[in-house]
Amino acid sequence: MSEGKIRIAFYWMASCGGCEEAQVDAVSDEPSLINILDIVFWPVAVDFKKEDVEKLPDKSVDVALINGGVRLSEHVEMARLLRRKAKIVIAYGACASWGGVPGLANLYSREEILSRVYSEVPTVYERDRKPMVKYVAEEGVELELPEFLPILLPLNAVIEVDYYIPGCPPTPETTLNALKMLLSGKIPPKGSVIGASQRALCDECPLNATKPEKILVKKISRIYNTRIDPGKCLLAQGIPCLGPSTRGGCTALCPKAAMPCIGCYGPLETHIDYGGKVISFLASIIDSKDEREIARIIEEGLPDPAGLVYKFTLPASRLRLNLMKWGGRSV
Amino acid sequence: MSSFRMRKIVIDPITRLEGHGRIIAILDEKGDCIRAYLQVPELRGFEKFLEGRPAEDAPVITPRICGVCPTAHHMASTKALDDLFHVDPPIAAKKIRELAYNIFMLEDHALHFYVLAGPDFIVGPEAPKEERNIVGVLKKVGALGYKIVSVRRKFRKLNEKIMGKTIHPPFGRPGGISKPLEPEVVKELRESVNEAIEIAITTHKIFKSIVLGDPSIYKLVTSDVYRHETYYMGLVDDKNRLNFYDGKLRIIDPRGREYAKFDVHEYLNYIAEHIEPWTYIKFPYLKPIGWKGFVEGPDSGILCVAPLARLNVSDSMATPMAQQAFEEMYETLGEKPAHYTLAMHWARVVEIIYAAERIKELAEDPDIESREVLNIPTKTPGPTGIGVVEAPRGVLIHHYESDERGILRKANLLVATQFNAARINMSIDKAARALIKGGDVREGLLNMVEMAFRAYDPCHACGTHALPGELKIVVELYNERGELLGKKYLRD
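First to last, the protein sequences are chains Y and A.
Using numbering that gives the first Met the number 0, you'd call the opening residue of the first sequence number 0 and step up by one each time.
Using numbering that gives the first Met the number 0, you'd call the opening residue of the second sequence number 0 and step up by one each time.
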């Protein structure tokens, strides 16, 4: 970080653009940032290409911020290139950190996904057509598409990651906190989550004051048919709010809007598997010892445990579902 | 320039378009472009992994399709849930949803106009490339540019107060919204509405003076190179006036005659999707007419959505200043429907005015102060829920099927950029064929090829909004056997 400037590269993989919007909001909130960032790559914003990055000396970029999961062959290639060029690689946002929402695709095989999108939807009538990795156009020229990989992977499955900035997307505050930490030179241990809190979301939730010492409920409710009291701890109302297992840092935006935390800031340092931890605490609030009653409560209130507890972390979980279907072949 | 061996021009990646994209232009032995393709190398598979999820999760999951227009997906999804759970939201919830939606449309449109389209129009297509960016725009429009950035952020923060989050909001529920508006939010809104109106009026003035005041730019806008006679589709209210949040889908033919007007529940009678092997994006077309290839005219099923399409299908605008701007636009262009792709930018400005006026109307409406913002569904959910809104880039349809517990079984999503995909490809193709002759691939000409897609409003604009963006063109030289002979960078 010479002369107080950070030579920085941004790249996105399988993501939605929300991370870029969050970065722009952060810069809008603190415009002076633009004077200390020396941007060497940012496909959405500036004109440097892959070839320009290739020409840079190895380790000449201070920080590479990469968002999105690894979904296409092109993403693997770009992640490896940026790893060679950057001293520090940061997984920015939930998708790069653990796969994010598009990681739910790992509940299905590649073939099931392609078949749904290109053959089964009710608007498609030409059932035999699909995109091809290599296709010779009628003019005789080959048109190539990157390969849709069998599963979506988090960034650290294909390259070494130094730090993580959590969130879907990270808030502007989280982003600014992380950048300030890097600028201050107080570099945390490798593998750390930066910019966010070290404590659970409940700690910063305004409803925490209403949270009983011990939560016990006879019913877990789905949101669609429940009137939520906006002034009361959602868990105590039987709403599966993931606050207790989720890292703080967003200031509890969703609970403040009378909706449960969905876990987009991911696990705390001490958690081995985010979803496992969530299931464990949800089981602990059920006020029953009768197995049949417990089964009924879970069936009614938690009809999609995988989608609830692994909404942002499935590809980084211990399940690695499609990796098994795929025969464990690595990319 | 001797270009007998040039076969293929690759623009990769294109940096002012949503997500990943590249243009491949194929040249014949004379160096004339004979075909250009816009490839979208991107796929995540939301339609599949929505299966098995509780329906109430759809407004949480689907905004992650696009973090630039998350509010559009969130709203289409929430409306599909009203339908799936057979519940009608209280009037206050509907109005607050529409209010948040118009704020979102305003900030998204204004940003596209100033930062993405701005460089080509406000600075000018012939300007030096170093100036053809947001810095050049700021230089030309002065302090106003900075004001736009700060007002945009202000309205995004207001939307955070209304919807909980701006990016991926936890706001919509079947039957209403999660929380009523706090009195201080209503107060702040009412104090801010005039800033929205002010920005809209100023933007319109800038457009007219800079764009229409320059005959060369006006000539470009009305050039045949950027013109396609296609069908158009958009949402209209019961008086055939444009509405972003609700209404019926109206389709007009290339001559402006009403081809169809239907409730979104009937969309399967009208819309089908075509697949090409060279791209991951699908190409919707008018089902009764059929897929006839990338051709225009009344015999081809290709249709267009987005701002110009919305204005083309509307008889009038629902607010007074927008109506005036609407009339002026068609009078100047001399045709309705207007087929000029670059007039999309003009239509976007008219919509900015409408959004601002609608924000003011709704913010001042006493109904939004109501605490009654949710009707709890009581009926058995399913089997079908369909929702539609106008995303900034055009019609967006979410279609869900669920079991009687409200667990999603199937999903079909038709997204604005997808609806336009065929026409965007035609625009690239037409511009490239018209402009690339005899192997001449000068930077200025290629920029004019880029302008053909930029009009449709690329979605990953967010980054470009803060910093200068510039396409770099790579020309790859191939021999007749398709072997790569070398690469040349036209824009280092």
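Simulated from the structure, these hints should not be mistaken for laboratory data.
Quick caveat, the model's predicted, so the values are computed rather than measured.
Hints may contain errors.
[Stated by the list, open to error] Once the Cα atoms are required to be at most 27 Å apart in a straight line, the calculated BS3-like pairs of lysine-lysine come out as:
| hint | chain 1 | residue 1 | chain 2 | residue 2 |
| --- | --- | --- | --- | --- |
| 1 | Y | 54 | A | 93 |
| 2 | Y | 129 | A | 7 |
| 3 | A | 139 | A | 218 |
| 4 | Y | 231 | A | 204 |
| 5 | Y | 4 | A | 260 |
| 6 | Y | 129 | Y | 213 |
| 7 | A | 153 | Y | 255 |
| 8 | A | 156 | Y | 255 |
| 9 | A | 218 | A | 138 |
| 10 | A | 291 | Y | 133 |
| 11 | A | 335 | A | 378 |
| 12 | Y | 231 | A | 247 |
| 13 | A | 204 | A | 93 |
| 14 | A | 186 | Y | 231 |
| 15 | Y | 231 | A | 93 |
| 16 | A | 94 | A | 247 |
| 17 | Y | 179 | A | 138 |
| 18 | Y | 210 | Y | 129 |
| 19 | Y | 179 | A | 204 |
| 20 | Y | 185 | Y | 213 |
| 21 | A | 153 | Y | 217 |
| 22 | A | 286 | Y | 218 |
| 23 | A | 7 | Y | 49 |
| 24 | A | 94 | A | 138 |
| 25 | Y | 255 | A | 160 |
| 26 | Y | 255 | Y | 288 |
| 27 | A | 291 | Y | 129 |
| 28 | A | 218 | A | 247 |
Quick rundown of the hints versus the structure:
{"no.": "1", "hint": "Y:54 with A:93", "verdict": "violated (54 Å)"}
{"no.": "2", "hint": "Y:129 with A:7", "verdict": "holds (24 Å)"}
{"no.": "3", "hint": "A:139 with A:218", "verdict": "holds (21 Å)"}
{"no.": "4", "hint": "Y:231 with A:204", "verdict": "violated (50 Å)"}
{"no.": "5", "hint": "Y:4 with A:260", "verdict": "violated (57 Å)"}
{"no.": "6", "hint": "Y:129 with Y:213", "verdict": "violated (54 Å)"}
{"no.": "7", "hint": "A:153 with Y:255", "verdict": "holds (20 Å)"}
{"no.": "8", "hint": "A:156 with Y:255", "verdict": "holds (15 Å)"}
{"no.": "9", "hint": "A:218 with A:138", "verdict": "holds (24 Å)"}
{"no.": "10", "hint": "A:291 with Y:133", "verdict": "holds (24 Å)"}
{"no.": "11", "hint": "A:335 with A:378", "verdict": "violated (45 Å)"}
{"no.": "12", "hint": "Y:231 with A:247", "verdict": "violated (40 Å)"}
{"no.": "13", "hint": "A:204 with A:93", "verdict": "violated (32 Å)"}
{"no.": "14", "hint": "A:186 with Y:231", "verdict": "holds (25 Å)"}
{"no.": "15", "hint": "Y:231 with A:93", "verdict": "holds (25 Å)"}
{"no.": "16", "hint": "A:94 with A:247", "verdict": "holds (18 Å)"}
{"no.": "17", "hint": "Y:179 with A:138", "verdict": "violated (30 Å)"}
{"no.": "18", "hint": "Y:210 with Y:129", "verdict": "violated (52 Å)"}
{"no.": "19", "hint": "Y:179 with A:204", "verdict": "violated (41 Å)"}
{"no.": "20", "hint": "Y:185 with Y:213", "verdict": "violated (39 Å)"}
{"no.": "21", "hint": "A:153 with Y:217", "verdict": "violated (43 Å)"}
{"no.": "22", "hint": "A:286 with Y:218", "verdict": "violated (48 Å)"}
{"no.": "23", "hint": "A:7 with Y:49", "verdict": "holds (19 Å)"}
{"no.": "24", "hint": "A:94 with A:138", "verdict": "violated (39 Å)"}
{"no.": "25", "hint": "Y:255 with A:160", "verdict": "holds (10 Å)"}
{"no.": "26", "hint": "Y:255 with Y:288", "verdict": "violated (33 Å)"}
{"no.": "27", "hint": "A:291 with Y:129", "verdict": "holds (18 Å)"}
{"no.": "28", "hint": "A:218 with A:247", "verdict": "violated (35 Å)"}
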